[in-house]
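Heads up: the sequence lines are chains A and B, in that order.
For the first sequence, the numbering used here gives the first residue as 1149, with consecutive numbering after it.
For the second sequence, the numbering used here gives the first residue as 1149, with consecutive numbering after it.
To be clear, the hints were calculated from the coordinates, so they are not data collected in a lab.
Hints should not be assumed to be uniformly reliable.
Identical chains share a label here; the pair holds if one copy fits it or two copies do between them.
Said to hold, decoys possible - Straight-line distance between alpha carbons at most 25 Å, and here's what the computed DSS-like set of lysine-lysine pairs gives:
id, residue 1, residue 2
1, K1183, K1237
2, K1183, K1375
3, K1568, K1375
4, K1237, K1475
5, K1568, K1602
6, K1375, K1237
7, K1568, K1183
8, K1472, K1332
9, K1237, K1568
10, K1517, K1568
11, K1237, K1602
12, K1183, K1328
13, K1332, K1375
14, K1546, K1472
15, K1237, K1546
16, K1546, K1183
17, K1546, K1332
18, K1546, K1328
19, K1475, K1332
20, K1472, K1183
All of these numbers come straight from a predicted model, not from anything done at the bench.
Protein chains: 2
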Amino acid sequence: MKNLRINLNKRFQLWGLMLLMFLVPMAYASGGNSKIPEYFLWIAVLLLLAKSSSFIEKIKQPAVLGELIMGVLLGNAVLIGFGWFEPMKHDPIILFLAELGVVILLFQIGLESYIEEMKKVGLQALFVALVGVITPFALGYFAGMWLMPGLEQNAYLFLGATLTATSVGITGRVFKDLNKLQTKEAQIVLGAAVIDDVMGLIILAVVSAIVTTGAVSVGAISIITAKAVVFLVGALVLGSFFAPLVNRMFSMIHSGHGMKFSVAIILCLIFAYLAHLAGLAPIVGAFAAGLMLEPVHFKVFDDPAINKNIQAAIADADENIRNKVNKELDRFNDQHLDRLVAPLGDFLVPLFFIVTGMQVNLATLSDPKIIGIALIITAIAFVGKLVSGLVAGPGVNKWIIGWGMAPRGEVGLIFAMIGKQLGVISDELFSVVIIMVILTTLLTPPILSYLLRKQEAG
Amino acid sequence: MKNLRINLNKRFQLWGLMLLMFLVPMAYASGGNSKIPEYFLWIAVLLLLAKSSSFIEKIKQPAVLGELIMGVLLGNAVLIGFGWFEPMKHDPIILFLAELGVVILLFQIGLESYIEEMKKVGLQALFVALVGVITPFALGYFAGMWLMPGLEQNAYLFLGATLTATSVGITGRVFKDLNKLQTKEAQIVLGAAVIDDVMGLIILAVVSAIVTTGAVSVGAISIITAKAVVFLVGALVLGSFFAPLVNRMFSMIHSGHGMKFSVAIILCLIFAYLAHLAGLAPIVGAFAAGLMLEPVHFKVFDDPAINKNIQAAIADADENIRNKVNKELDRFNDQHLDRLVAPLGDFLVPLFFIVTGMQVNLATLSDPKIIGIALIITAIAFVGKLVSGLVAGPGVNKWIIGWGMAPRGEVGLIFAMIGKQLGVISDELFSVVIIMVILTTLLTPPILSYLLRKQEAG
């Protein structure tokens, strides 16, 4: 035993433990007799596999890609005779947790989206976002009609809508990983991605409503657009009106982090429900709640030992140093809400991506025509966003901006998932969209880092 | 508008906002057409009401009591014609979330239970715990047979088992609130409460298994006890064996908090499932996972600005001060796992208590006999624990220890809930148990603080 442990390196031990945790319960999985404990096992296994897939980060790819690919593998394990994951695909509790996960994710994205940032990059970002939404939408709509004739109008609309997405998470991550967040290109791309998010959610609301109500008249679209804009703008106005109140409320709460976190989650869920009442997707409401709460900073650590202890430790230092340390402590204590929401996201968001991946039917790929269409749509997805770089104005590298806008990431997936739930997107079209999302998400980071390094060198 | 705002004080504004958040969606609740967004509303409303009930903390009562009473009110709102909450009582998704909540709660209690603390208070705590388990169990069993003749044997067993519980959370909180955690009495009570938790979970496992399998032979009880002990001891041995590995694993994880949190939750859920496979309640496994992970400390903040920034701020200070500050930073960074798990608990645990409260049928209280029985059982619950103070040994205030053991809190509720799920505990008996839990939890804090202040005075 001891020899064995010495021979195994640490990494192997880690994976061995994970494998053990996974296999032991699997072997006994048939022994259960109540349903709820089985959900505990399901969730544990899904989370474990989602987290195992994060080795993909080692090769500089976003974790979401790993979760998605893992989901595709699990959802198609039945093709090689392993049907253990099959019942999860349509289980109401698993689907509910996944849906709650995407609501929490959009809430987090809302919390991370700063209206102030959009103002700074201003018009350039707005132009990039507009072109980056209109071009892929139009290209996708017409390419869909050309490549897959005979589908209903709504399917083409959804394909176009899905192509408009930009993953602010992935884009931001690449710039951050390469320490380029402060470049003008990064500022424009991030601003444009945020505007893109908002426009994308409006498009999603419009397209969803068209699908649900069947209305395609200009009047109906205007009403839906107005509704979405009123809802988002209303949430922001309400937000800036109530933010000081919420802030004061939060500062009145002395019963630890629990209450602050709960108030945030309650707002997120209520806005998700209100969006649903307004005929929008619940995620639109969650995003609005996040944007609204964004200005609310508060003390995460009200009474931690760190303040008292460090202040005691520097009691004998001179005043200059004491002031500097106190400033840093204040800055640290003034944490952002997203830190509190993160664990809930860590629990639920991977379930959304893995369950989304599970909906991909690889059997549809036996048709080489589907693969061909997916590749053409992917090319269109890149072209549509690269064009947006051209309007970024002078003094910036247009290629970097174009490629920065390219990854569809989680936003594209959310669109596809909603389309599938609404019954607009067939299995084939869903596979096409998922391949497009995977390829744009997978190919962008290496290309972008090549361009950024080239810019630095030259 | 401005005048209005000036006239309203801050507290009123806070409650007004909460009321608004609550009423607006309620008014439109009938407008929805999909099921999932409605769950968002349900959860938001339940969380909001659970958190609103925390005003009870202002009158020095534990929050759990407020959640419970709120649950009782909501669950019986139908008696005054308000049936909006009725479908939640038996909704599979709400019940699943509540069940997940109690699993997370026991995981948290396990994380907070230190084996080292038990060792220090040693034999005294063990005696108190043993007497504090045996006396209420015997008294409850026989009192049940005397007061409610004609029920099945299992009902009396469950009543006795429920009376054995001690809420380590509530007990600890009272001592902490009064700044008495370092007294010998507090150490003994906390140690005994932890041992009580473990014994209580074994009793719960035994009683549950007896109910499920129908076995009441001494041989069967021995097997179940052995199974429970082997499971718990096994988890602890495995835990101390794997803890360094898990610790190393955690320190290898550089991808932020997400991974550490996920590994902890995965272990919690897998142990909950394994306990179920071993014929125990899932919460026993969650508790074991918490105990097992307890020695695993790790850096919560791997790469926060605080380390770098504060170190920069003290760069000019003399070495002595720099060392002291660095020591404090290290101590701060070495956070405990429960801080990461807390938000998930904040989200799910109140759902458990409020849903538990909802199961109380106030209609059963129209029978004065039930109220009489509940009061006698409550008296027995106090006597059973006060007796345990007598064996606490010399040099301590026996009354403080006895009353310290009295609150049943969440542990008693978990017992009652499991008994109800198993069909052993009737509506009447459940009401009796809930009243006992509420009264022991409600009356103890004021009495204990009176005794502690009297001891201090002289």
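Against the structure, the hints:
Taking CA atoms no more than 25 Å apart as the test, K1183 paired with K1237 passes in both settings, with 16 Å inside one copy and 18 Å between copies. Only between protomers do K1183 and K1375 lie at most 25 Å apart by alpha-carbon distance; the minimum there is 22 Å, versus 42 Å within a single protomer. Within a single copy, K1568 and K1375 get their C-alpha atoms as close as 23 Å, which meets the 25 Å cut-off; across copies the closest is 47 Å, which misses it. Proximity of K1237 and K1475 under a CA criterion of 25 Å is satisfied in neither setting, with 51 Å inside one chain copy and 50 Å between copies.
Within a single copy, K1568 and K1602 get their C-alpha atoms no closer than 41 Å, and across copies no closer than 68 Å, so neither meets the 25 Å cut-off. Proximity of K1375 and K1237 under a CA criterion of 25 Å is satisfied in neither setting, with 33 Å inside one chain copy and 35 Å between copies. For the homomeric pair K1568 and K1183, the shortest alpha-carbon distance between copies (17 Å) is at most 25 Å, but the shortest distance inside one copy (28 Å) is not. For the homomeric pair K1472 and K1332, neither the shortest alpha-carbon distance inside one copy (30 Å) nor that between copies (41 Å) is at most 25 Å.
Within a single copy, K1237 and K1568 get their C-alpha atoms as close as 13 Å, which meets the 25 Å cut-off; across copies the closest is 31 Å, which misses it. In this assembly of identical chains, K1517 and K1568 lie within 25 Å of each other by CA distance solely inside one copy; the values are 21 Å within and 57 Å between copies. For the identical chains of this complex, K1237 and K1602 are neighbours neither inside a copy (44 Å) nor across copies (62 Å), given an alpha-carbon limit of 25 Å. When the C-alpha separation of K1183 and K1328 is checked against a cutoff of 25 Å, the pair qualifies neither within a copy, at 49 Å, nor between copies, at 44 Å.
For a Cα distance limit of 25 Å, the shortest separation of K1332 from K1375 qualifies neither inside one copy, at 34 Å, nor across copies, at 64 Å. Proximity of K1546 to K1472 under the C-alpha cut-off of 25 Å is found in neither arrangement, the shortest distances being 41 Å within a copy and 51 Å between copies. In this homomeric assembly, K1237 and K1546 never come within 25 Å of each other (Cα to Cα): the closest approach is 42 Å inside a single copy and 58 Å across copies. With identical chains, the CA atoms of K1546 and K1183 are never at most 25 Å apart, being 55 Å at best within one copy and 45 Å at best between copies.
Within a single copy, K1546 and K1332 get their C-alpha atoms as close as 11 Å, which meets the 25 Å cut-off; across copies the closest is 71 Å, which misses it. Taking CA atoms no more than 25 Å apart as the test, K1546 paired with K1328 passes inside one copy only; the shortest distance there is 15 Å, against 66 Å between copies. Taking the shortest Cα distances, K1475 and K1332 never come within 25 Å of each other, neither inside one copy (29 Å) nor across copies (40 Å). For the identical chains of this complex, K1472 and K1183 are neighbours neither inside a copy (56 Å) nor across copies (53 Å), given an alpha-carbon limit of 25 Å.
Figure legend: structure checked against the earlier numbered hints; hints not met, in rising order: 4, 5, 6, 8, 11, 12, 13, 14, 15, 16, 19, 20.
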